[in-house]
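Here the protein sequences come in this chain order: A and B. Per numbering that gives the first Met the number 0, residue 0 is the first one in the first sequence, and the count goes up by one each step. Per numbering that gives the first Met the number 0, residue 0 is the first one in the second sequence, and the count goes up by one each step.
Please keep in mind that the hints were generated in silico from the structure rather than gathered at the bench. The reader is advised that the hints may include incorrect statements.
Within a straight-line C-alpha distance of at most 20 Å, the following computed SDA-like cross-link-like pairs (lysine to any residue) qualify [to be verified]:
# : chain 1 : residue 1 : chain 2 : residue 2
1 : A       : 229       : B       : 90
2 : B       : 64        : A       : 338
3 : B       : 83        : A       : 289
4 : B       : 88        : A       : 233
5 : A       : 229       : B       : 84
6 : A       : 229       : B       : 53
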Amino acid sequence: MITINTNSLGKLLESARSAGYRFVAPVRDGTISLFRPVDRIQEIALDLITPVKSPKEYFFSDHECILSYKRSGKSLIELSEPSKEDYAPPTVIFGCRPCDAAGPGIIREVMTWDCDDKFFLDRLESTVIITIACVEADEACYCTSVDMAPDSETGSDILLTPSKDKPGVQQEYLVKAVTEKGSRFIEQTKGWSDGTVNPAPAIEGLKSSMKPTFDAERVRKWLDTSFEDKFWDTATLACISCGTCTYTCPTCHCYDIIDEGNTDGGKRLRNWDACMMELFTLHASGHNPRPTKSNRFRQRLTHKFKYYPDLFNRILCTGCGRCQRYCPTDHALKNLLEQIDKLVSTESQAAEAVDK
Amino acid sequence: MLGVMVDVSDAETTSTANATFRELSTLQSFAKKLLESGTVKMVIGYSQGYTSDRAMPAFITDPEKASSLIFDKRCFHNLTMYLKTAEIKCAGKIAIVVKGCDAKALNVLLLENQIKRENLVILGLVCIGVGDPTLEKCRICNVNTPPIYDELFGKPVPNKEWTSATFTRVKELEGKSQKELWEFWVNEFNRCIKCYACREVCPICTCTRCITDKNQPQWVPTSPHSMGNFHWNLTRAFHLAGRCIGCDECERSCPADIPLSLVNWKLIKQVFEKYGFIAGMSPDDLPPMSTYVEGEEEEFIK
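Kindly produce the complete structure, drawing on both the sequences and the hints.
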């Protein structure tokens with residue numbers, strides 16, 4: 000197996016760029032952090048647990064033109080679609096965490112469900128995801144509760160596993176090509192590898208300390224029968240009904256389509272939208288099937304842990320923890336899931352006691 | 000005058016930095032009595048968050064849970080924003096824990112007929128600042144002792160008075176050229192992701208349907224491009240002029256860390272200098288931006 004050390008990451012960046020790839024990586028911008036195209040390896044922040052924004056926007060843009068129109072002559076309208084070269088340039092996303100790398104693969108299920116979303120699929124095809132396994136987690140992280148792990152390969156094309164259990168220090172990474180695309184990339188850009196020694200990976204400590212905090216299958220069963228449970232009203236009181244959790248989430252994928260323009264020309268745009276917002280389900284009649292924030296929070300949780308698994312056999316959550324980390328009121332999915340799990344155990348204990 | 004008061008706050012901040020709020024047990028037992036006696040259906044206050052170093056809003060209906068109330072420098076949230084939610088509106092009479100800045104929001108809500116005074120028991124806390132380091136809004140706070148309350152917890156401290164010199168951060172920004180200002184705000188607003196956390200967390204954003212949610216026609220572009228972001232953030236600022244009380248919850252909640260407090264405090268400074276008005280000091284003060292007084296000068300109409 001080949002390796003790369005921290006000093007050679009610059010060579011990796013250079014080789015990728017000369018092979019025609021845009022090199023996107025986590026960077027700090029003032030007090031926030033996000034994925035952004037970089038020119039130099041020094042710009043990259045390798046010590047982040049996760050940046051504030053996930054790399055989702057490189058597959059599913061927060062706002063993109065999907066069609067434009069222009070009037071030509073009195074009764075003719077010219078339509079044009081954006082070109083693939085513009086919206087899906089060859090891209091390397093470097094320094095993803097496993098939770099972020101898994102996101103696009105999970106969303107792919109719905110993006111190919113009743114029709115193929117070409118914008119999403121073209122970008123997925125033209126992107127190589129290079130993930131760095133985690134050696135550090137914070138209280139908000141819960142990947143091990145949703146069938147993931149600090150070194151999950153799901154969604155990655157290449158996985159780098161660090162040799163030291165401290166983030167941001169000089170590392171020797173084990174390089175593993177997870178997919179065919181990953182192997183091709185290594186072939187195409189070779190010259191950056193540091194040999195074939197096998198340093199011991201340093202992820203076992205974190206892996207063994209991150210115990211699952213709820214049983215997703217047990218939660219799913221409870222959700223089957225608890226749509227009207229009074230739990231929702233009391234447990235969601237602190238939610239402020241903003242879109243922070245959905246917009247920072249690597250798997251939320253709802254969007255709105257709007258037109259901006261006038262009779263001479265304009266654009267049809269696709270913008271992110273969020274089920275946490277009241278307007279999301281407001282009908283033209285004035286009726287809103289989800290008028291309260293408890294209805295909306297129930298929708299978000301149930302979509303991720305019941306509807307999506309029912310349809311595609313995958314939980315729509317990678318445990319990245321952003322919904323807790325950036326929630327203005329520290330009110331998050333994970334904690335409701337834990338409460339539900341506890342509720343189920345208490346209920347089943349009570350039922351057992353009655354049986355006896 | 001400001002300098003003297005800052006010294007006092009600094010001393011007080013240090014003394015409470017590791018200690019809990021001295022009147023906490025009094026607050027807890029008072030809340031418990033309110034619930035036990037049926038005076039209120041719910042107490043909204045603060046409790047330990049899910050994350051160990053954070054506090055979170057607490058909605059207490061069980062008198063036994065009143066002991067989970069906390070108050071310390073992590074209690075940033077302006078809890079009065081919950082008064083606009085459907086869930087709380089139908090909860091009956093409630094008690095709410097407020098710091099001075101939060102109490103200002105109550106005054107604005109009372110003035111604008113958004114809440115009923117008889118449905119509220121206001122538990123005012125003498126607050127000498129939250130955050131570590133102490134937030135800028137707390138450094139220049141003029142309501143350490145809340146301007147409205149039913150029961151006060153903590154020893155009242157004399158409130159500072161503002162002068163034009165108070166708003167140092169806004170003054171720094173005002174020193175920039177128009178071009179520099181433009182570049183500054185383009186850069187800041189470009190990060191906006193249109194999650195509307197700023198609106199949702201704002202106690203003063205009380206419209207049942209926000210202008211940005213009105214789409215026939217779409218007045219404010221919903222796209223998170225430069226124009227859409229400017230349009231949204233400036234529209235919101237206009238609607239808050241003379242009403243924003245400067246709790247800066249919008250800035251704290253912004254996942255993109257846009258310095259919205261600079262917008263808020265520019266408005267506050269402007270209204271203070273032009274009208275000598277500070278929003279939220281009393282539920283009876285006429286708001287300058289929505290009051291017509293016969294005979295007032297209207298020099299701008301030529």
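Against the structure shown, which of the earlier numbered hints fail to hold, in ascending order?
Hint check: 6 fails alone, others pass.
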